[in-house]
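Chain A is already provided as a structure; the job is to place chain B on it using the hints.
Chain order of the listed sequences is A and B. For our numbering, add 236 to where a residue sits in the first sequence, where the first one is 1. For our numbering, add 236 to where a residue sits in the second sequence, where the first one is 1.
Watch out, some of these pointers could steer you wrong.
Because identical chains cannot be distinguished in the list, a pair is counted as satisfied if it fits within a single copy or across any two copies.
For lysine to any residue, the following SDA-like pairs were computed, each having C-alpha atoms within a straight-line distance of at most 20 Å [unchecked claim]:
#, residue 1, residue 2
1, K423, M403
2, K471, D570
3, K558, S260
4, K301, H281
5, K604, P330
6, K558, M261
7, K303, F355
8, K575, Q647
9, K303, E283
10, K303, R240
11, K424, D441
12, K301, R343
13, K303, H281
14, K391, P508
15, K445, S410
16, K601, P330
17, K424, G511
18, K571, G481
19, K514, Q348
20, K301, R346
21, K471, R573
22, K471, K571
23, K303, R242
Calculated from the structure, these hints are not laboratory results.
Number of protein chains: 2
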Amino acid sequence: MIQRPRGTRDFTPEEMGARRYYESMMRSVAVSHGFREVQTPIFEHTELFTTKSGPGIVEEMYAFKDKGDREICLRPELTASVIRFFVNDLTNYPRPLKMFYFGQCFRYERPQAGRYREFFQFGAEIIGSATPEMDAEMIGLAAAILERTGLKDYKIRVGHIGVLKGMLAQAGVSGDTALPILQKLDKKMYEEAEPLMKAAGMSADSIEKIIATTKVTGPLSVLDTYGGEAGEYLKEVFAILAQFGFRNVEVDLGVVRGLAYYTGIVFEVDAPKLGAEKQICGGGSYSLSELFGGEKVFSTGFAIGFDRTLLAIEKEGQTAPKLLVDAYVIPVNDKTRMKAYEVAALLRRNGISCDLDIMRRNMGKNFKYADAIGARRTIIVGEKELESGCVNVRDMSSGEQKMVPIESLVQHLKG
Amino acid sequence: MIQRPRGTRDFTPEEMGARRYYESMMRSVAVSHGFREVQTPIFEHTELFTTKSGPGIVEEMYAFKDKGDREICLRPELTASVIRFFVNDLTNYPRPLKMFYFGQCFRYERPQAGRYREFFQFGAEIIGSATPEMDAEMIGLAAAILERTGLKDYKIRVGHIGVLKGMLAQAGVSGDTALPILQKLDKKMYEEAEPLMKAAGMSADSIEKIIATTKVTGPLSVLDTYGGEAGEYLKEVFAILAQFGFRNVEVDLGVVRGLAYYTGIVFEVDAPKLGAEKQICGGGSYSLSELFGGEKVFSTGFAIGFDRTLLAIEKEGQTAPKLLVDAYVIPVNDKTRMKAYEVAALLRRNGISCDLDIMRRNMGKNFKYADAIGARRTIIVGEKELESGCVNVRDMSSGEQKMVPIESLVQHLKG
Numbered sequence: 237m238i239q240r241p242r243g244t245r246d247f248t249p250e251e252m253g254a255r256r257y258y259e260s261m262m263r264s265v266a267v268s269h270g271f272r273e274v275q276t277p278i279f280e281h282t283e284l285f286t287t288k289s290g291p292g293i294v295e296e297m298y299a300f301k302d303k304g305d306r307e308i309c310l311r312p313e314l315t316a317s318v319i320r321f322f323v324n325d326l327t328n329y330p331r332p333l334k335m336f337y338f339g340q341c342f343r344y345e346r347p348q349a350g351r352y353r354e355f356f357q358f359g360a361e362i363i364g365s366a367t368p369e370m371d372a373e374m375i376g377l378a379a380a381i382l383e384r385t386g387l388k389d390y391k392i393r394v395g396h397i398g399v400l401k402g403m404l405a406q407a408g409v410s411g412d413t414a415l416p417i418l419q420k421l422d423k424k425m426y427e428e429a430e431p432l433m434k435a436a437g438m439s440a441d442s443i444e445k446i447i448a449t450t451k452v453t454g455p456l457s458v459l460d461t462y463g464g465e466a467g468e469y470l471k472e473v474f475a476i477l478a479q480f481g482f483r484n485v486e487v488d489l490g491v492v493r494g495l496a497y498y499t500g501i502v503f504e505v506d507a508p509k510l511g512a513e514k515q516i517c518g519g520g521s522y523s524l525s526e527l528f529g530g531e532k533v534f535s536t537g538f539a540i541g542f543d544r545t546l547l548a549i550e551k552e553g554q555t556a557p558k559l560l561v562d563a564y565v566i567p568v569n570d571k572t573r574m575k576a577y578e579v580a581a582l583l584r585r586n587g588i589s590c591d592l593d594i595m596r597r598n599m600g601k602n603f604k605y606a607d608a609i610g611a612r613r614t615i616i617v618g619e620k621e622l623e624s625g626c627v628n629v630r631d632m633s634s635g636e637q638k639m640v641p642i643e644s645l646v647q648h649l650k651g
Numbered sequence: 237m238i239q240r241p242r243g244t245r246d247f248t249p250e251e252m253g254a255r256r257y258y259e260s261m262m263r264s265v266a267v268s269h270g271f272r273e274v275q276t277p278i279f280e281h282t283e284l285f286t287t288k289s290g291p292g293i294v295e296e297m298y299a300f301k302d303k304g305d306r307e308i309c310l311r312p313e314l315t316a317s318v319i320r321f322f323v324n325d326l327t328n329y330p331r332p333l334k335m336f337y338f339g340q341c342f343r344y345e346r347p348q349a350g351r352y353r354e355f356f357q358f359g360a361e362i363i364g365s366a367t368p369e370m371d372a373e374m375i376g377l378a379a380a381i382l383e384r385t386g387l388k389d390y391k392i393r394v395g396h397i398g399v400l401k402g403m404l405a406q407a408g409v410s411g412d413t414a415l416p417i418l419q420k421l422d423k424k425m426y427e428e429a430e431p432l433m434k435a436a437g438m439s440a441d442s443i444e445k446i447i448a449t450t451k452v453t454g455p456l457s458v459l460d461t462y463g464g465e466a467g468e469y470l471k472e473v474f475a476i477l478a479q480f481g482f483r484n485v486e487v488d489l490g491v492v493r494g495l496a497y498y499t500g501i502v503f504e505v506d507a508p509k510l511g512a513e514k515q516i517c518g519g520g521s522y523s524l525s526e527l528f529g530g531e532k533v534f535s536t537g538f539a540i541g542f543d544r545t546l547l548a549i550e551k552e553g554q555t556a557p558k559l560l561v562d563a564y565v566i567p568v569n570d571k572t573r574m575k576a577y578e579v580a581a582l583l584r585r586n587g588i589s590c591d592l593d594i595m596r597r598n599m600g601k602n603f604k605y606a607d608a609i610g611a612r613r614t615i616i617v618g619e620k621e622l623e624s625g626c627v628n629v630r631d632m633s634s635g636e637q638k639m640v641p642i643e644s645l646v647q648h649l650k651g
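Here chain A stands alone, though its shape is the one from the complex (with noise of 0.2 Å):
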């Protein structure tokens, strides 16, 4: 037997079942707030990533030289292409440039629980100016969609990442230097971050100040403490969340995203049932439009991953309805075979699920695959009822039966 790759999935019928009803809630959600689909390649060109990230992220990639020599790879994440694709195509279009995508990302790690290397990002992006309501729409987006979703436990945790940029500055700290202490304080690696805030010249008081600020969490009044500036904007982007009617939000000033392009608002959803692998969503403010050769631009995105949300749903006991046929037909025998396929036929026009006898089995066994699909109704063609136009419609959940002519058939089934 051929096995898929390692790291990969299949989908059955009942797992595709569920994971369409949450897709397209998310995308109907996204519409209803005036974003709109946008599709990019499955590969792209290795720079793009290089460009945004830095040589090192090759190593976690599917990249591969085609037949043209050209590096290519397959895709890690969604927002560097969507940049590109602005860049490239979109720079015309009415801002703000409100985006959504929905696509398969990989990586190449070991695979481990809840870590694919075929894994599937929702996500949307705003290209316009900055402002609060920029961001907060944004992060109301994401939690918009995970309220839809009926998730219940989670925690939307925003930063900005401005806070401890500003202490770091105004430590004499900044650029080159502050960006891998920023990376070691996002990952709450204090003992590394400590000598490298030390070789920059940093005294032990401004050390322990911004260590205390990356553990700063808590409602809103936290940032009456912390955060100048920063905490402003941070306070008027709680505001608009409060208007738009979200609460389940907290200031978490430890949120930073370790990544030279994150520009302000930073911000991570967490579901903590799913333990380790926690983080179902994760965004914020940045700036990349000009590193791929466009214009300086506004931008603000998050992207959910998909797979780990529908599992913390799944934790939580919830099920998506399942797409069931509402009708199987079965012909009594040959004769009524042909009036059968007729029969199904009118139903499908009329927009009922409807599936029939291609197998030409006997009615027990009919009757048997009927149950094993689900279907909720058995519309069983027979010699006498046809004699007066009629076919027995029989409700597969009580048993009961009843002649209807076929005529009115369409309507009964819909009634």
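Same frame as chain A, but now just chain B:
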């Protein structure tokens, strides 16, 4: 600027609107026929496709080695993946097992009009037993999908690989000798087929007769002269398709789809308006499961070229309905800004698609933007109106404006 890889496409919001519209239409037709969706990975072990189609296919694929030195490739089509999935995991599902799929496929060749290196297929497979019903159900699904898209100018041509195979066998030619002959006949390359047939010992008379047969097209009645057992089977399939209400189907004994794994019915759909690249669907019954180490099963399927089908629909002047926001909320000044956010959230929570000013623009610019995104209405949140709990609703096409109490706004917009 970093470009997207050659032969791939980015899709704008307008294009994605149309693509998702037709994709979900196809999905819903498949579901209404009792098919259920499956999904397999974007990349597979290269062996899967060389087992199916021979080593030559590697030349036409994005094939590469991963870091574990495994030969993998971007899938060139989905039937092999679906049957691999069946063999690995789905053999215990009730039969007939009716599946469909939608997704990206990849081929490495010179990009040209209507042929992309990344393209999309919508397809379906049934695993069951060899009845004419099974093939009719398969062709019928393709026909129902195309009918639902509104495409007018297309033709479904159905043949049976058994007709030519039977004639070759009668002339003493079968198995490995017959296959290359069938492949040439499929492509109507008679000058190359003839010497092969001669070398296989066929008489001039049988050669002439077989070439004439590949040119037989037309209504069912053409089978009165040609066909034998395979012809009888074809007649049954056509009779069922007629019961299903599909009459846009004709016989074409030249459809052979020269691949070793086809076993019986073969069919193709053309949209003549597309010119040279006019084929939008191809399928037939085939035998692959045992090639992949599974049991021998009867299977039949098809794949619709999603991109070409959309192109054909477009060429006929059809357009998908646009997804526009129902309402765009504008605060007249900073004092009503927070209230405007609340109004937007109210609409969104009630399923009304809604956008709002997140750039702090003046009224004029806001109206211009609302117009650019095609908003149906603007909701103007003014100080005076708010005093009496109202907002102004303006119809963007008629210009009509009305004061509406916020408490009945949802009802007003939905009514």
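Status of each hint after checking the structure:
Proximity of K423 to M403 under the C-alpha cut-off of 20 Å is restricted to the intra-copy arrangement: shortest distance 18 Å within a copy versus 72 Å between copies. In this assembly of identical chains, the alpha carbons of K471 and D570 lie at most 20 Å apart only when taken from different copies (16 Å versus 74 Å within one copy). When the C-alpha separation of K558 and S260 is checked against a cutoff of 20 Å, the pair qualifies both within a copy, at 14 Å, and between copies, at 17 Å. Proximity of K301 to H281 under the C-alpha cut-off of 20 Å is found in both arrangements, the shortest distances being 10 Å within a copy and 17 Å between copies.
In this assembly of identical chains, K604 and P330 lie within 20 Å of each other by CA distance solely across copies; the values are 9 Å between and 57 Å within a copy. With identical chains, the CA atoms of K558 and M261 are at most 20 Å apart both within one copy (15 Å) and between copies (19 Å). In this assembly of identical chains, the alpha carbons of K303 and F355 lie at most 20 Å apart only when taken from different copies (18 Å versus 26 Å within one copy). In this homomeric assembly, K575 and Q647 come within 20 Å of each other (Cα to Cα) only inside a single copy, at 19 Å, whereas the closest approach across copies is 47 Å.
With identical chains, the CA atoms of K303 and E283 are at most 20 Å apart both within one copy (17 Å) and between copies (19 Å). Proximity of K303 and R240 under a CA criterion of 20 Å is satisfied inter-copy only: 16 Å between copies versus 24 Å inside one chain copy. Within a single copy, K424 and D441 get their C-alpha atoms as close as 18 Å, which meets the 20 Å cut-off; across copies the closest is 85 Å, which misses it. Within a single copy, K301 and R343 get their C-alpha atoms as close as 17 Å, and across copies as close as 15 Å, so both meet the 20 Å cut-off.
With identical chains, the CA atoms of K303 and H281 are at most 20 Å apart both within one copy (13 Å) and between copies (18 Å). Proximity of K391 to P508 under the C-alpha cut-off of 20 Å is restricted to the intra-copy arrangement: shortest distance 8 Å within a copy versus 55 Å between copies. For the identical chains of this complex, K445 and S410 are intra-copy neighbours only, at 17 Å inside a copy versus 84 Å across copies, given an alpha-carbon limit of 20 Å. Taking the closest pair of Cα atoms, K601 and P330 come within 20 Å of each other only across two copies (11 Å); inside a single copy the shortest separation is 60 Å, beyond that limit.
For the homomeric pair K424 and G511, the shortest alpha-carbon distance inside one copy (18 Å) is at most 20 Å, but the shortest distance between copies (62 Å) is not. Taking CA atoms no more than 20 Å apart as the test, K571 paired with G481 passes between copies only; the shortest distance there is 19 Å, against 63 Å inside one copy. Taking the shortest alpha-carbon separations for K514 and Q348, only the intra-copy value of 14 Å comes in at or below 20 Å, while the best inter-copy value is 45 Å. Proximity of K301 to R346 under the C-alpha cut-off of 20 Å is restricted to the inter-copy arrangement: shortest distance 16 Å between copies versus 22 Å within a copy.
For the homomeric pair K471 and R573, the shortest alpha-carbon distance between copies (15 Å) is at most 20 Å, but the shortest distance inside one copy (70 Å) is not. Taking the shortest alpha-carbon separations for K471 and K571, only the inter-copy value of 17 Å comes in at or below 20 Å, while the best intra-copy value is 75 Å. In the homo-oligomer, the alpha carbons of K303 and R242 lie at most 20 Å apart only across protomers (12 Å), although the nearest pairing inside one protomer, at 24 Å, exceeds that limit.
Violation of the numbered hints given earlier is absent; every hint is satisfied by the structure.
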